[in-house]
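Protein chains in written order, with my numbering: chain S, 3 to 254; chain D, 3 to 254; chain H, 3 to 254; chain F, 3 to 254; chain R, 3 to 254; chain E, 3 to 254; chain L, 3 to 254; chain C, 3 to 254.
Because the hints were derived from the structure by calculation, they are not lab data.
Any given hint could be a false lead.
[Unchecked claim] Derived DEER-like restraints, expressed as beta-carbon distance ranges:
1) R/K170 <-> C/A87: 58 to 66 Å
2) E/R169 <-> D/V153: 56 to 64 Å
3) C/N101 <-> R/P117: 39 to 47 Å
[Unchecked claim] Derived list of chain R stretches under chain E, where covered just means 3 residues or more per stretch with a C-beta under 8 Å from a C-beta of chain E:
4) 199 to 208
5) 242 to 252
[Claimed, not checked] Among the chain H residues that face chain S by a calculated CB cut under 10 Å, a handful are:
6) G110
7) S161
8) H164
9) L166
10) L167
11) G184
12) Y210
13) L220
14) L224
15) A228
16) S229
Where is the CB? At the ideal position from N, CA and C, for every residue including glycine.
Protein chains: 8
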Amino acid sequence: MSDIRKTLEGLATGAVSVDEAMLRLKTEPFDDIGYAKVDLHRDIRQGAAEVIYGEGKTAEQIIGIVESMMRHGHERILITRIDQAKADAVGAVHRISYNKEARIAIAGDKAGSMPEPDGVGKIVIATGGTSDIPVAEEAALTAEVLGNEVVRLYDVGVSGVHRLLARKELIMQATVIIAVAGMEGALASVVGGLADCPVIAVPTSVGYGASFKGLSALLSMLNSCASGVSVVNIDNGFGAGYMANMINHVGK
Amino acid sequence: MSDIRKTLEGLATGAVSVDEAMLRLKTEPFDDIGYAKVDLHRDIRQGAAEVIYGEGKTAEQIIGIVESMMRHGHERILITRIDQAKADAVGAVHRISYNKEARIAIAGDKAGSMPEPDGVGKIVIATGGTSDIPVAEEAALTAEVLGNEVVRLYDVGVSGVHRLLARKELIMQATVIIAVAGMEGALASVVGGLADCPVIAVPTSVGYGASFKGLSALLSMLNSCASGVSVVNIDNGFGAGYMANMINHVGK
Amino acid sequence: MSDIRKTLEGLATGAVSVDEAMLRLKTEPFDDIGYAKVDLHRDIRQGAAEVIYGEGKTAEQIIGIVESMMRHGHERILITRIDQAKADAVGAVHRISYNKEARIAIAGDKAGSMPEPDGVGKIVIATGGTSDIPVAEEAALTAEVLGNEVVRLYDVGVSGVHRLLARKELIMQATVIIAVAGMEGALASVVGGLADCPVIAVPTSVGYGASFKGLSALLSMLNSCASGVSVVNIDNGFGAGYMANMINHVGK
Amino acid sequence: MSDIRKTLEGLATGAVSVDEAMLRLKTEPFDDIGYAKVDLHRDIRQGAAEVIYGEGKTAEQIIGIVESMMRHGHERILITRIDQAKADAVGAVHRISYNKEARIAIAGDKAGSMPEPDGVGKIVIATGGTSDIPVAEEAALTAEVLGNEVVRLYDVGVSGVHRLLARKELIMQATVIIAVAGMEGALASVVGGLADCPVIAVPTSVGYGASFKGLSALLSMLNSCASGVSVVNIDNGFGAGYMANMINHVGK
Amino acid sequence: MSDIRKTLEGLATGAVSVDEAMLRLKTEPFDDIGYAKVDLHRDIRQGAAEVIYGEGKTAEQIIGIVESMMRHGHERILITRIDQAKADAVGAVHRISYNKEARIAIAGDKAGSMPEPDGVGKIVIATGGTSDIPVAEEAALTAEVLGNEVVRLYDVGVSGVHRLLARKELIMQATVIIAVAGMEGALASVVGGLADCPVIAVPTSVGYGASFKGLSALLSMLNSCASGVSVVNIDNGFGAGYMANMINHVGK
Amino acid sequence: MSDIRKTLEGLATGAVSVDEAMLRLKTEPFDDIGYAKVDLHRDIRQGAAEVIYGEGKTAEQIIGIVESMMRHGHERILITRIDQAKADAVGAVHRISYNKEARIAIAGDKAGSMPEPDGVGKIVIATGGTSDIPVAEEAALTAEVLGNEVVRLYDVGVSGVHRLLARKELIMQATVIIAVAGMEGALASVVGGLADCPVIAVPTSVGYGASFKGLSALLSMLNSCASGVSVVNIDNGFGAGYMANMINHVGK
Amino acid sequence: MSDIRKTLEGLATGAVSVDEAMLRLKTEPFDDIGYAKVDLHRDIRQGAAEVIYGEGKTAEQIIGIVESMMRHGHERILITRIDQAKADAVGAVHRISYNKEARIAIAGDKAGSMPEPDGVGKIVIATGGTSDIPVAEEAALTAEVLGNEVVRLYDVGVSGVHRLLARKELIMQATVIIAVAGMEGALASVVGGLADCPVIAVPTSVGYGASFKGLSALLSMLNSCASGVSVVNIDNGFGAGYMANMINHVGK
Amino acid sequence: MSDIRKTLEGLATGAVSVDEAMLRLKTEPFDDIGYAKVDLHRDIRQGAAEVIYGEGKTAEQIIGIVESMMRHGHERILITRIDQAKADAVGAVHRISYNKEARIAIAGDKAGSMPEPDGVGKIVIATGGTSDIPVAEEAALTAEVLGNEVVRLYDVGVSGVHRLLARKELIMQATVIIAVAGMEGALASVVGGLADCPVIAVPTSVGYGASFKGLSALLSMLNSCASGVSVVNIDNGFGAGYMANMINHVGK
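Chain S on its own, in the form it takes in the complex:
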């Protein structure tokens, strides 16, 4: 339970006075720990706690932010783009579950388990090839930790379109689809044409030469001739998982 909820419930039960509640809300919009201002209201404002972007932060900084969040009641803290060494350092002091391929960690007292899914339906995550799986897993784990049922549909790229068509019923039953592909990124358009739900496209940096580290797939997806497709940054599995979670909780 987050500290904001604690305050509000204390208020509802009379344990906290109105003035005291006002003071707490006013004085704790974030926790200032010097190198970071940890945002603690976000679970009210955005329906999910702050996520730690691990790249460019030292292990010490990550641990500091984790501890600030734990102090305020967070039980599963997502850390993205975190390498093995830093994950080990965090794991030395806190409970952690780490996926090396996706470079993603969950820290906190409930790090070992995923919450019960409570979304509208299922999130289907498709990849063009085997090499796109790490990015897809970043999306999948993000969605799962936020409370979604995820279906994985890997290696269904358009150069063998029958592989995708053979799983057409999965596409048809999804509430949201995440299409992950590198090279020419055509998967998003074909999926977008088949599906009747929102499609989040994730270009990956898989490819070489004129793929220009994901630029080719990114442009393809932005120019998709299918309707109902929107795009996140190259290799941004987290962003896609987060967005899909939001969509899968619309009206909830």
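We have chain S already, so just place chains D, H, F, R, E, L and C on it with the hints.
Frame of chain S; chains D, H, F, R, E, L and C shown alone:
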């Protein structure tokens, strides 16, 4: 009522035999009129009829596609990127409602009215400046014709962030937000940080010099530090409206 | 009959001496008309006469080159990227057949008819949308004037992949396929995955915003995950038609 | 012999019933091994078995795919972009032949030998310089394993055009030519002007500074003033070899 | 005290004749040490001594330049972009103070202390995130060594705009603000809209994918819809600190 | 006099009560006129009133914004990027002074005169060539209307560096310098090396070919080897003038 | 005769005193006519008078500069990038010779004739195609007006390399060669490989699609595998002619 | 003495018959050693022997080419872009002189000495900074081995333009100047404005951020407002030295 639904209802009522139904579904997945293969199953597959992208088509071609769709029961046909001259040509033979600023038309027997909104909640459309309004209107009209309630919130760019904060309650109540901005496109990040719903970002080509016709805003939005933001093509108001409609109908 | 063949046949029949033949071959590798050096050996070297690229040339220059080629025996001279005004100017002095949409003209005594197809099989030309047709027609007319049977398959873009699958037998019977598409250019990959023949991909400048005038489709096609796909310049219908013709005459 | 052929032959000889054949064809369009869906129909659809793109796959994944293909009757499996360590890992469990320079491996029971060439004619592979040889070898080995006679013509760049002209008769006798060059990539245009057969151009990342890792050669080749030239991705020797093989088997 | 000032003071006190002063000024505009021409007049011309850009110089070259400057009276010499190894080499022969994170060193007799601030007011340095701190520190240390009071305001990115608004009074009191941000770089616009003083924007290479190593933030900042914002090179903390110092000394 | 000042003065003189003042300040942070939210607090927040960016706005919209600002007490309203036709439309209903070359207008009761300069010193505006003058004039008029003394120094590009050196004393006396140049934009570096005050660099789109509409000059200026140079958008004379004004009023 | 020479000759003949000469040289390094500072010393410094770049200048400004130069003794003044209308305006008040294709004019008393060639040898100007001729003529006329013998060799692009080889003796006899080509720009490399003299490469904007307005040719030429090739800006015929002139006068 | 000269002298002295000479010239235009076709006629065609571009070649290949050239009489063979390890390998079997900084080696019997300069005048090589020296040295050594007198003028960048002006007489006396600079590359324009001889500009990859590995300097130099400047590839010291040598031998 679309012709596919007609077939299925005829089947349910005994007016059409199973074999006849099979035949119709098989033989009419699209209407081949030479220069175009009009997709007629899409309202089953995707929850909305095909939209006509007007640019690069002659008025004659547009009329031909409109008529193919009307023959199959469509009553409001959206035509995007259509200039005044072509709209006049279509309007000479069919009922049409045209918005010059957004270069968008609705053709068909019910062109003059919008359908009853039946989505989960409201779609809020915000723009950074006055010059972004045409793209925003393309999104707004698209969403409205697909059955959504739309709230317009124009000229709230981040250089005067108090204008946006003064309307914060609108942001908080939205089911989906479309953020339309050119130049540096920072609106998407600020809105994304405030909102707790999905944000569709639309970069516009408004700007000059190093905006490189929308590239600057596009990159900004793709790199948004806020979670829950995904992006469509530059100036693609239609795509944003269509995506927002899909999200606003999740679970419906 | 080209003048080179005339020389060689004259030699075979004794009408021309060896020395005379040597002299002609030596002195006429091209016709120097000042602003242009008209290449006349190319039909030996490359199996087809020189083609005139109309853009950037004046009507006078085009007429001069046409006349140089006619003098040397060419009966159908292809002129690409030629606008209506220049085509009219050429038509005022020579027999011409002009396709405005594809901006392509055939000049010469046999301008009005196509030669008998003599290739291995059929060339199938597919487009993603209606707006890609002008480029496709440039390819089609080029292939036809060079002696090929062409099958047109327009508006089969991947956002409605069933339209393409419905014509799958055409794809399967082709000797060469030309895939013409703008926006995200995914058509080439899907066709490449279905076909068992070479695919020439032509990116078009159809699209807007982040299509960057064909760059998006170009990169997509270069990064195609399907094997057996190669690419020509943006909007280069002629190049694709010419390449397809060469492939369709392999071993002939 | 592939399993599809086995099924069909069993059908022809009465060893397999029609229903059994239908079942097998229906149930085995691909082999789903979790991280990959191995495409097994492709040798019918495309005249050649699936190729494994080694980059971004673990040695374990590669071995898994190889085994899936071997189970279905493939005797020579091409693996591209595979480094020494992974090749060693594959070689520890299966017969393998590895070319380090071209980073290409052939695995399977017949890995040690090339099949009998059965194409229309010869494939000539030319390079601009010595540094382009690895890419050229990727093309050459791909073409050879697919059943083609290959002629190598290395270091004939246009800065010493007499080196190319001295081998002009090779150019004239080719059925297809692959032109491999980095830096300014002019080789494709000069070869294209000399040859009367299709030319596949492969830009390489050889060069520095404004070659921008192959972009310069790529653009050059796309803009070739010679007709009959099409282009594959930067450093994509495999793609060129595969395309050349298809062309060299037209009508076969 | 610099040697130019020494000369002028010597002139004022009669210790140096006018002719002698002329000669010195004429003959010593810089110190030519072979691989470098150390600029010694710059403290007259520009209000601050030359700074050594460490990248691409050997430790020996850096030491040589430091010694040239010390000989001419400089007591604190700023060395930017200097790694640990080179800093150690310099520190072995001269007094040095080194900041590893910011890769910045101060050498000279007074390396251990900062001068007394003598600017108009305060320089506020804000960052979008924790990962931008190294660049911000380069700016802060540069400004401090040049005699400015610096206020650090880190991790106030626009995805949680309340963190910035909570420190609004700092923004309002600044004389100059340096806004340091990667990803979409929106911080500069929001700060620019709030502040009534000049804002120097520093894009950083923090981010991934379509941030293209700082290009996204750079374009954002150049296209800022706020007035009073100008931009320095990506990661150029030094340039921002130097510029802010100049502005903070206007009229002094 | 602006309406905010009116309110505050009314408060000071007792004409307005504290509660009334609070109300006005709260209720009028901007004037919402539908298509625009005119920012009226900005002269407090930023030391200058809002400026109207004319491009992409209709004449009607511009007039509406002008009138909103006039109602709130503004006497000189700057309108940038406004063409002759729109300027005429504004001039038909309000006092206006228009500079066609710089496409800049001043509207309002005091449009015909400039305010008394009250900055620290002089702003020198230098251009590389004659073709850069329109952008320089946009900067100059902006600075003048904001209360600065401006010195124009045109056509002093670095290909004839003696022209600049001949005016060296102007450079030395400036409080801020604006360096306006297209092509290679080297002026900023040379001026930056000579001056001991902040330099605002404005790249212009003057040039052709590889100047890529100002990109070359922009990159040059961002990479300036001189310290104390910061950059605004291509052709952004207004931005440079505004920034220079802020710097010239530091401490005021 | 230029005014500088006049001064020096006056000094030599005693008509001007030393002091007077000093004064003139000091006070007239350029002629300040407000919008331009006409450089008059350049014929001493650089061996040729200043050239007027017409683009972006009004006819009035051009005339003003021409008159300043005429006053100081110039008899042939080169004006580049000048359109017909401006040329007519100049021609109305001064003697002028205009080449519309190359958009180049020569004004002044001797505008009608070219000076006697006085270079080391011949400048050969080759083009890839007919469309490159306008740029080539800009180079040719520039070189001729500066006193060089020019040989034109047009339409010798590498797609028909025999056309170039047939003129090999011209290439061999040149002192400098200017290679003008668009599209893939391979001409520079082939010429560079054949020639034993410096080659100036001029990329042109001839082409379409992925030629990106000359970028393709520019990169090709910069990456030329031939030695002895250097490059000027896209379409910069003047720059090439000027550089060739300098080379052709080395040692003179 | 090269083998071509040997043949011709043998012919002149009667030691070789005409038929024998013809045969040798015909059969040895290059030496085909498999992975390379060593060009041996180039010293006739181009006035200098072939140079070995070391990058992308193995030590074995380099040695093979060196030996081919030595067999044909070359006594000093230039090898560029060769790292220490390969240089050591070559040095183990042949006489070699190696410059690590410039990554350049000279192999052959006379590797230890430079030839007598025999050019028209001096080549001046200027750099913007200390970090540009390695590229400058590549140019200097290339020019020296080809027989030129070289004057080095390092660290004279435009941010301290007096350092360049102090050496103005060197600039004035040069026959050719090579201007080497990274960052904004303004040196070429300033030198080009001062000099009256051809200037070869070499952009370097020195810089960071928006220098984009030399792109900024490259564009600057291509857009130089000074006449008489042409450009080679980024970091291409060899190309500049070779070109300067050619210019310095014009008429010789």
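Hint by hint, here is what the structure shows:
1. At about 59 Å, the CB distance of R/K170 to C/A87 agrees with the hint of 58 to 66 Å.
2. Here the CB-CB span from E/R169 to D/V153 is close to 57 Å, well matched to the stated 56 to 64 Å.
3. For C/N101 paired with R/P117, a C-beta distance near 43 Å keeps the hint of 39 to 47 Å intact.
4. Remark: the stretch 199 to 208 of chain R is confirmed as covered by chain E, as 3 of its residues place a Cβ nearer than 8 Å to a Cβ of that chain, reaching the required three.
5. Judged by the Cβ-Cβ criterion of 8 Å, the stretch 242 to 252 of chain R is covered by chain E as claimed, because 7 of its residues qualify and three suffice.
6. This hint is violated: H/G110 has a C-beta 39 Å from the nearest C-beta of chain S, more than the 10 Å allowed.
7. For H/S161, the shortest C-beta to C-beta distance to chain S is roughly 4 Å, which falls under 10 Å, so the interface hint holds.
8. The closest approach between the C-beta of H/H164 and any C-beta of chain S is roughly 8 Å, which is under the 10 Å cut-off, so the hint is satisfied.
9. Interface restraint check: H/L166 against chain S, minimum CB-CB distance 9 Å, threshold 10 Å, status holds.
10. Because the closest C-beta pair between H/L167 and chain S is about 8 Å apart, less than 10 Å, the hint holds.
11. Interface hint at H/G184: satisfied, since its Cβ lies 8 Å from the closest Cβ of chain S, which is below the 10 Å cut-off.
12. The restraint placing H/Y210 at the interface with chain S holds, with a minimum CB-CB distance near 9 Å, inside the 10 Å limit.
13. Hint status for H/L220 relative to chain S: holds, with the closest Cβ pair at about 8 Å, below 10 Å.
14. Of the supplied interface hints, the one on H/L224 holds, with its beta-carbon coming within about 4 Å of a beta-carbon of chain S, less than 10 Å.
15. Because the smallest distance between the Cβ of H/A228 and any Cβ of chain S comes to about 4 Å, under 10 Å, the interface hint for this residue holds.
16. For the restraint placing H/S229 at the interface with chain S, the shortest Cβ-Cβ distance is roughly 8 Å, inside the 10 Å limit, so the hint holds.
Hint check: a violation occurs at hint 6 only; the rest are consistent with the structure.
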